[in-house]
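Got chain C; can you put chain L on it based on the hints?
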Amino acid sequence: MQLTVWTYEAPPHVGAMRIATAMEGLHYVLHAPQGDTYADLLFTMIERRTKRPPVTYTTFEARDLGSDTAEIFQRAAREAFDRFSPQAMIVGASCTAELIQDDPCGLAKALGLPIPVIPLELPAYQRKENWGASETFYQIVRAIAGSAPEKMSASTGRPSCNILGPTALGFRHRDDLVEIRKLLSVVGIDVNVTAPLWASPADIARLGAADFNVVLYPEIADLAARHLEKIYGQPRTRTIPIGIGATREFIAEIAALAGLSSEAALADPSSRAPWWSRSVDSTYLTGKRVFIFGDATHAIAAARVAREELGFEVVGLGCYNREFARELKAAAAACDVEPLITDDYLDVEDAIAAAHPELVLGTQMERHIAKRLQIPCAVISAPVHVQDFPARHSPQMGFEGANVLFDTWIHPLVMGLEEHLLAMFRDDFEFHDGAGPSHLGGHGARQAVEPEAPLTTIIPAAPAENAPFEAAAVTAAVWAAEAERELKKIPFFVRGKARRNTEDYAQSLRLQTITVETLYDAKAHYAR
Amino acid sequence: MKTLISLADRPAGATAGSCAAPPAKAVLRERGQREVFCGLTGIIWLHRKMQDAFFLIVGSRTCAHLMQSAAGVMIFAEPRFATAIIDERDLAGLSDANDELDRTVARLLARRPDIKMLFLVGSCPSEVIKLDLSRAAHRLSQKYTPGVRVLNYSGSGIETTFTQGEDACLASMVPELPAAREAGPSLLVVGALADVVEDQFARLFEAMEIPVRFFPARRSDDLPPVGRDTHFLLAQPFLAETARALEERGATRLPAPFPLGAEGTTLWLKAAADAFGVSADTFDAATQAGAARARHALARHKETLEGKSAFFFPDSQLEPPLARFLHRELGMRLIEVGTPFLHRTHLAEELALLPEDVFLSEGQDVDRQLDRARAARPDITVCGLGLANPLEAEGLTTKWAIELVFSPIQGYEQAGDLAELFARPLNRRARLKV
Chain C
52 MQLTVWTYEA PPHVGAMRIA TAMEGLHYVL HAPQGDTYAD LLFTMIERRT
102 KRPPVTYTTF EARDLGSDTA EIFQRAAREA FDRFSPQAMI VGASCTAELI
152 QDDPCGLAKA LGLPIPVIPL ELPAYQRKEN WGASETFYQI VRAIAGSAPE
202 KMSASTGRPS CNILGPTALG FRHRDDLVEI RKLLSVVGID VNVTAPLWAS
252 PADIARLGAA DFNVVLYPEI ADLAARHLEK IYGQPRTRTI PIGIGATREF
302 IAEIAALAGL SSEAALADPS SRAPWWSRSV DSTYLTGKRV FIFGDATHAI
352 AAARVAREEL GFEVVGLGCY NREFARELKA AAAACDVEPL ITDDYLDVED
402 AIAAAHPELV LGTQMERHIA KRLQIPCAVI SAPVHVQDFP ARHSPQMGFE
452 GANVLFDTWI HPLVMGLEEH LLAMFRDDFE FHDGAGPSHL GGHGARQAVE
502 PEAPLTTIIP AAPAENAPFE AAAVTAAVWA AEAERELKKI PFFVRGKARR
552 NTEDYAQSLR LQTITVETLY DAKAHYAR
Chain L
3 MKTLISLADR PAGATAGSCA APPAKAVLRE RGQREVFCGL TGIIWLHRKM
53 QDAFFLIVGS RTCAHLMQSA AGVMIFAEPR FATAIIDERD LAGLSDANDE
103 LDRTVARLLA RRPDIKMLFL VGSCPSEVIK LDLSRAAHRL SQKYTPGVRV
153 LNYSGSGIET TFTQGEDACL ASMVPELPAA REAGPSLLVV GALADVVEDQ
203 FARLFEAMEI PVRFFPARRS DDLPPVGRDT HFLLAQPFLA ETARALEERG
253 ATRLPAPFPL GAEGTTLWLK AAADAFGVSA DTFDAATQAG AARARHALAR
303 HKETLEGKSA FFFPDSQLEP PLARFLHREL GMRLIEVGTP FLHRTHLAEE
353 LALLPEDVFL SEGQDVDRQL DRARAARPDI TVCGLGLANP LEAEGLTTKW
403 AIELVFSPIQ GYEQAGDLAE LFARPLNRRA RLKV
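One line per chain: the protein sequences are C and L, in this order. Those letters in the first sequence? Residues 52 to 579, per the working numbering, in order. Those letters in the second sequence? Residues 3 to 436, per the working numbering, in order.
Possibly wrong hints are sitting among the right ones.
[As the list claims (entries may be wrong)] The calculated label-pair distances, taken between Cβ atoms and stated as ranges, are: (1) C/Val229 / L/Asp369: 29 to 35 angstroms; (2) L/Ala94 / C/Lys160: 26 to 32 angstroms; (3) L/Asp98 / C/Ala303: 17 to 23 angstroms.
[Stated by the list, open to error] Coverage of chain L stretches by chain C, computed from C-beta distances (three or more under 8 angstroms per stretch; other residues unrestricted): (4) 61-73; (5) 88-95.
Derived from the structure by calculation, the hints contain no laboratory data. From the three backbone atoms N, C-alpha and C, an ideal C-beta is built for every residue, glycine too.
Okay, chain C solo, but in the shape it has when bound (with noise of 0.2 angstroms):
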């Protein structure tokens, strides 16, 4: 058993339906009790779909274990067929009908509908959605993708991709599933087929047609990519296009699958970031200590883009899915950091409060973490949350997405200027650095950390109970007044490493007391 008060994934299951509900065409039905259905709130609510997930949920009850829920399995599998006509059905448990093993694939088989249907089995104790997701569009392919269809570019003349990965609920898809096509475009590459989004199972039959499988979305796509290489030798790409030197690496990459020139697409007129990054106005961003967490794919891009197109320190990186483990550790290793692999978000606060970052670039989860900790935050990966839908065109992919990446990450921080007048006059009183970033409004809000509005609406949250993390360290020196007064000018986000720092100092030289010549005196011993 493991105690859980939050959690990054949903169950496998719920991975399922991301892809049902991504697709057109094609319906789940879900062996589930009552209260299973919660899950279509996340697509109704969170990513504002208009229409219902194409779930068919059994909904038995405790009576009917033991007697007939085979049957209801099986009256619930028909009454879909009948009322919602789907091209395919897949067929699955939750987590309580697996244990009570009713075999939903047989009894689906049994029924003898008129259309390919595909059992997936799931198991809800052991994995969780992005397994789920990525094991139900393999399941799907498997079962839809047919011998090899005459290639689309055989009659075009031109070369053609399938775009795989983007799913429903996912972090930003709709968005750079625009930028990824505005790419292929320009290179001169046709798409044949975009799944899971917005395929229907004759669009799968189809996918042989193409030349090769752009792969955004590893964690989902990867292992149906792998499929297709084996039975259709399509290759596919490993380069994910977020930031602007993997997005012209992913351009170099699809242009020599495609035999075509990449110089149009790379001269992309639109791209703005590496100025915006190399002006003088972002050498304050230079050395800035980052934080990443998230899922692999995500985290592992933002750190490249955080080191070599911002100039920030990274200063640790870590995931949820252990799936990407090997990935995300020799990224870690990169950066010179320990790797950070875990799906408890009270081990990710600790890590956090201890590598005392001056931005924070995570979850929704991490959000809250760094708003506890008073620390600027961007997120950058699922899990999601309402705001990570927003009305206008937001990538994370392409010349636009590192765009998006360089105005949504430098947002939250204090601007040039504006960082070194804190700096220098720390003790004015509207001026100060407890105040916050100016252009952010809410002076005086770093002191007052107001919970938001939660994800629907319904309760309202607590107030932050737990004391800020910049608590005095227990030492054995003790800090002078002048001392004390002179830390507090030292910049709010450096001051607790400050602090550390001169205790181990004072404590390795056995010093009771901790003047401001210990402070400085500790600062030059630390400095670099």
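Chain L in isolation, oriented as in the chain C frame:
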């Protein structure tokens, strides 16, 4: 699957007169996909109401995800609920589930020394694998007494629908209530109410000199006594098991409509006043000002709502009293009143106040019910969060049912707020030019 039955085993359409013999109203009973929450969801308000209680769900990742999705928790502070997620080791018998549970509880109580009452909450998976939480609660209670009381109940979807979770929770607490000493009759108001509503009711009963306690209380060391002299009023319509347990302890239920709207509140208070021999003058003096304020507040919303039609999808069992309020105090037309479960005894007074031809449905087959709603095109459709946006996209105006459970709506002072919850979607639709 559907069956048409009638209340009180009478043929549909039969007429009757008084409250004592409620008219037989036809009820459509359906069985199929239900678009409702399970009983675990009740924890969202119960953990706020009982300030030193902690709810430990013994369940799956689905339970944990339901709670964070339904409650909208992105955690600012640690909430007073959590899930002990059963994993494959527990299922395969590699680890003893009871040992695991003890270890989890020990870890939890070490972290949260402020907890005085711990509920082990059963879920679908724990029920199916027949994990005996009552024995576990007994064992843990002995271990942690007197600091922490450990109780258990089931909030599983295979046994409970949404608000029935509160019923199961309160029923589990009834044996813990101290015995009332023979000190004359007293009143117990049963069902979680917002603190502000509870305080208002306390003042009203005080004005009538009725000694009153509320259950659940805000703190676990303040459990109200119960005994043969206890009369209780249900503040919520979904408390079947709790009422039964209280009756077993000798308490007497005062039949009444529920305190929604001016009329409902007056009749609810009157039931207590009559039982406690409060004079008509005292009753009027205590209630008239509040009732007048409520009627005044309602008049404004009646302009928006009168003549409009309403369709209720099943959600909380609050639907019949809400429908009665909309119909009688705001002049709305009722197309269908769906409810997950219709407790005929506890709702007898409500049903008597509903129009003769009201169409009640119990249970759900969501696709069929959606067909009926689309055909009827109601002016306002009361439904859950999974259905609201899709129906709005089809051009129907909706009201999230869950807000009716999570907002203070009972009593005179909230009657206007309750009406406003229904008027707001219509008002919004009228304003928007997009």
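Violations among the numbered hints: Per hint list: single violation, 3.
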